[in-house]
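Chemist: One-letter residues, chain by chain:
4 protein chains.
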Amino acid sequence: MLVIDGNSRSNGNTQTLLHILLDNIPHEYISLRDKVVHPIIDARHTDEGFQPIKDDYQSIIKNVLENDMIILSTPIYWYGMSGLMKNFIDRWSQSMRDPSLNFKQGMYKKKMYVVTVGGDEPKTKGLPLIMQFQYIFDFVGASFEGYILGKGNKPGDILQDKKAINIAKFYNQAFLQTLC
Amino acid sequence: MLVIDGNSRSNGNTQTLLHILLDNIPHEYISLRDKVVHPIIDARHTDEGFQPIKDDYQSIIKNVLENDMIILSTPIYWYGMSGLMKNFIDRWSQSMRDPSLNFKQGMYKKKMYVVTVGGDEPKTKGLPLIMQFQYIFDFVGASFEGYILGKGNKPGDILQDKKAINIAKFYNQAFLQTLC
Amino acid sequence: MLVIDGNSRSNGNTQTLLHILLDNIPHEYISLRDKVVHPIIDARHTDEGFQPIKDDYQSIIKNVLENDMIILSTPIYWYGMSGLMKNFIDRWSQSMRDPSLNFKQGMYKKKMYVVTVGGDEPKTKGLPLIMQFQYIFDFVGASFEGYILGKGNKPGDILQDKKAINIAKFYNQAFLQTLC
Amino acid sequence: MLVIDGNSRSNGNTQTLLHILLDNIPHEYISLRDKVVHPIIDARHTDEGFQPIKDDYQSIIKNVLENDMIILSTPIYWYGMSGLMKNFIDRWSQSMRDPSLNFKQGMYKKKMYVVTVGGDEPKTKGLPLIMQFQYIFDFVGASFEGYILGKGNKPGDILQDKKAINIAKFYNQAFLQTLC
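Chains as they are written, first to last, in full-length UniProt numbering: chain A, 1 to 180; chain B, 1 to 180; chain C, 1 to 180; chain D, 1 to 180.
What the hints contain is simulated information worked out from the structure, not anything from laboratory work.
All values reported here derive from a predicted model rather than from experimental measurement.
Even for Gly, the Cβ is constructed at its ideal location relative to N, Cα and C.
Mixed in with the good hints, there may be bad ones.
Within a straight-line C-alpha distance of at most 16 Å, the following computed EDC-like cross-link-like pairs (lysine to aspartate or glutamate) qualify [claimed, not checked]:
| id | chain 1 | residue 1 | chain 2 | residue 2 |
| --- | --- | --- | --- | --- |
| 1 | A | 151 | C | 145 |
| 2 | A | 162 | C | 145 |
| 3 | D | 111 | D | 68 |
| 4 | A | 123 | C | 145 |
| 5 | B | 109 | B | 145 |
| 6 | B | 110 | B | 145 |
| 7 | C | 163 | C | 121 |
| 8 | C | 154 | D | 48 |
| 9 | C | 162 | A | 145 |
| 10 | A | 109 | A | 66 |
| 11 | D | 169 | D | 23 |
| 12 | A | 104 | A | 68 |
| 13 | C | 154 | D | 47 |
| 14 | B | 162 | D | 145 |
| 15 | D | 123 | B | 138 |
| 16 | B | 104 | B | 66 |
| 17 | C | 35 | C | 55 |
| 18 | B | 154 | A | 47 |
| 19 | B | 123 | D | 145 |
| 20 | B | 163 | D | 145 |
| 21 | A | 163 | C | 145 |
| 22 | B | 151 | D | 145 |
| 23 | D | 154 | C | 47 |
| 24 | C | 154 | D | 42 |
| 25 | D | 154 | C | 42 |
| 26 | B | 123 | D | 138 |
| 27 | C | 163 | A | 145 |
| 28 | D | 162 | D | 121 |
Far from chain A, some chain B residues (derived; all Cβ distances over 10 Å) [unchecked claim]:
| id | residue |
| --- | --- |
| 29 | 25 |
| 30 | 30 |
| 31 | 97 |
| 32 | 102 |
| 33 | 109 |
| 34 | 165 |
This is chain A alone, in the form it adopts within the complex (with noise of 0.2 Å):
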C-alpha cells in the first residue's frame, strides 16, 4: 500500500483521517510537498516528444507502479484535489508515452482509494472531483475501489465529522482483513 498524499500542510485534516484509515496497515507515505514535480510541459504532439524532467516525478510514478494499493490523498482546494496532486497526474500523459514504464498495463486493475477533506459542502461539492478520479482512473484501466469525503476547514475539524471517521475505521478493519 502507498500514499501519495497532496497536501500542502502537514496535520491537517486529511492527514487525521489518514491515520485512522491506515492503523496497523504497512504502508509507504510520500508527500508530494517535500517532492518537485514540475507541471507537464504537454510535448504529445512535438516532433520531439516528450523529454526527460529532473525531478522526483519518474521515482514517484515507479513507486506507484510497483504496489498493488494506492492512496491518493488531497484537500479539496476550490473544488477540486490540490495543485500539487493535478501537477502529479498531469504528467501520467508523459508516462503515457514512456515505453520504459509500461504504464498503463502497470496501472490495470491496480486498487485506487481517495481520501479528501473540504471545507464547503464536501460531501456534495467535492462530487465532481470524486467524478473526475472516476474518469482518471477508468482512462488506465485502475479500478476505484473507495473513497472518503470528509468536512473539516480548521486542524482537527474532522474529528466532528463522525461518519468520515467510521468510514476511515471501516477500511481500515477491511485491509486489515485483507492482509491475514
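Fit chains B, C and D to the supplied structure of chain A, relying on the hints for placement.
Modeler: What follows is chains B, C and D alone, placed relative to chain A:
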C-alpha cells in the same frame, strides 16, 4: 478583457478557439506557462499566516482585479483544469487573506468565461470541471457568464468541432456589441 | 421521522438498507407504489393556475410537512430517481403555489436523508442524482443531512455492500442518540 | 427524426427551441402528455417477469426503434427530467427484457439529442441531468450527439437566451446538410 491561459503548449486547440472568440476584441493576454506561480503553501491556520512568495502570482491577480471580464482558458487534462491553472486558482486562498487586495470585493460580479478543450468526450466528461468553475466563481461572488467546451486532441482538431467554433463566434459577436 | 419510498417492488435492496437504518427508530412509512400521484400538469403560467388534483399527493405532502426528518428512498433507475419519486417531487411546484400549505416555510431547515441503491457503479454514476437532491433541498431551504449510496441489483445483493451497510448502521446509531 | 416530448404544457420554452431546431426538418412528434405511460413495475427479479401493460409505451418505443435520430425534449423540473419523461425512460428496463424488441441492438449507435430548458441556472445546475443522459445512452450503446440547455421560466423567456437559440439554429443547419 483579460485572458489567463493555462495551456502548457502554444498553438494548441484552445488557442485556436481563443483567436475566434477574441477576433477584433481588445484584450490582454497572460500565459501561465511564461510565468512562475508556485503551488500554494496552505498557511490559513498557522500563527504566522501566509508569507509573501516571490513569483508572478501577485502581479497576475492584480491584473485580474483591474479587469471586468476574465477568460480562463485551460486544456482539459485528466478531466480537470491543468496543473498550471490549478496552482493559480489555489493561490486565491492566499489573496482571500491579503488585506492589501480586497479580493472578494474585487471579484464580486466580475464576468467570468471559461474556454476549455479536451480529447475524451469533453461535452460530458468535461462537465465536472464546469461545475467546479461554477462553485469557484460562486464562492467569490463572480458571475459565470459562459463557457465553451471544445473537442480536440491533436493541434487543429478543434476546427472539426463546428459547434464549439459556432459558440466562439457567437460570443465574439456578443462581445463586439458590448463594445459599441 | 417519515420515509417516502419510491421503490416499485417490495423486499428490494433499498428496503433492506431501510430496515438496518431504522432499527428501533419509530417512524412512519409511505410507499409511493401504494399511492396514486399523477405527473404534474405545469400550470405555473396559466391564468387559472394549478387546479386541485384528485390523488394522494396532498395528504402525503401534509405528512411531510408535519415531520422534522424525512428519508427519501428510491432505487437508482437509469441513473436517476424512480419515476414514482420524480412524479412526487415534481408536484412540489404545485405546493409552492398553494397558499394553504406554506410549503417553503414548512420545508425550511427540515432534515433530509436519501437512501438509494443501484446496480451500475452507483458510487460514482449515482453522484449526479445526489447533486440533484442537493439542488432540490437547497431550493426549498431544507438541509441535506446525509445519504447512502448502495450497490445492488438482485434482491439481497446489498448485503454484500458492506460499506453501505456500515453507513446505515452508523446513521441508525446517530438517530438513536438523537432520540435519547 | 423523432421527437419525444416530456413537457407537461404546450407552448412552453422547450417547444420554442424545438421549432427553431426543426425548421424545415421532416420529423415525427410524440407528446408524452397526450399518452399514457405508467411508472414501471420492477419485475426484473420476479418469477413471472414483466407482464404486458396496457398503455401507450409499447407503440412509442417501437417508433423510437424505427428512427435513426431521436430528440428527447424535457423541461428541467427540480434539476431532472420531468416525471413524464422519467416514467418513459424507466420502462426501457422492461424493453431490455422483451425478446420481441431486440431493444439494445436496436438502440445501438442511434443518434440521440437532448433539448431541455430550466429556470434556475440551467447551464450549470442542469449538468447532472446531462450526465445522466450520457450514462443512459452509454448503457444502451446509443450515441449522445448533442444537447441544448436553455434558460427560461415564463413562456417566451427562452428568446432571451441568445446562446441557446444560436445552438438550435446551428443544429438546424447541420440537420439540413445531413438531409441533402
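Chemist: Against this structure, judge whether each hint is valid.
Modeler: Hint-by-hint comparison with the structure:
1. A:151 / C:145: holds (13 Å)
2. A:162 / C:145: holds (13 Å)
3. D:111 / D:68: With Cα atoms ~6 Å apart, residue 111 (chain D) and residue 68 (chain D) stay inside 16 Å; holds.
4. A:123 / C:145: At roughly 10 Å apart (the allowed maximum being 16 Å), residue 145 (chain C) and residue 123 (chain A) satisfy the hint.
5. B:109 / B:145: Judged against 16 Å, a Cα distance of about 10 Å means the pair holds.
6. B:110 / B:145: holds (9 Å)
7. C:163 / C:121: holds (14 Å)
8. C:154 / D:48: holds (15 Å)
9. C:162 / A:145: holds (13 Å)
10. A:109 / A:66: Holds - the C-alpha atoms of residue 66 (chain A) and residue 109 (chain A) are around 13 Å apart, at most 16 Å.
11. D:169 / D:23: Within the cut-off at roughly 9 Å; holds.
12. A:104 / A:68: holds (14 Å)
13. C:154 / D:47: With Cα atoms ~12 Å apart, residue 154 (chain C) and residue 47 (chain D) stay inside 16 Å; holds.
14. B:162 / D:145: With Cα atoms ~13 Å apart, residue 162 (chain B) and residue 145 (chain D) stay inside 16 Å; holds.
15. D:123 / B:138: holds (14 Å)
16. B:104 / B:66: holds (13 Å)
17. C:35 / C:55: holds (8 Å)
18. B:154 / A:47: With Cα atoms ~12 Å apart, residue 154 (chain B) and residue 47 (chain A) stay inside 16 Å; holds.
19. B:123 / D:145: holds (10 Å)
20. B:163 / D:145: holds (11 Å)
21. A:163 / C:145: Distance of about 11 Å is within 16 Å: holds.
22. B:151 / D:145: holds (13 Å)
23. D:154 / C:47: Holds, at roughly 12 Å.
24. C:154 / D:42: holds (11 Å)
25. D:154 / C:42: holds (11 Å)
26. B:123 / D:138: holds (14 Å)
27. C:163 / A:145: This hinted pair holds, its Cα atoms lying about 11 Å apart.
28. D:162 / D:121: Judged against 16 Å, a Cα distance of about 15 Å means the pair holds.
29. 25: Non-interface label stands for residue 25 (chain B): nearest chain A Cβ at 26 Å, farther than 10 Å.
30. 30: holds (15 Å)
31. 97: Holds: least Cβ distance 13 Å, greater than 10 Å.
32. 102: Per Cβ check, residue 102 (chain B) is outside 10 Å of chain A; nearest 19 Å; holds.
33. 109: For residue 109 (chain B), whose nearest Cβ neighbour in chain A is about 19 Å away, the distance exceeds 10 Å, so it holds.
34. 165: holds (20 Å)
Checked against the numbered hints above, the structure breaks none of them.
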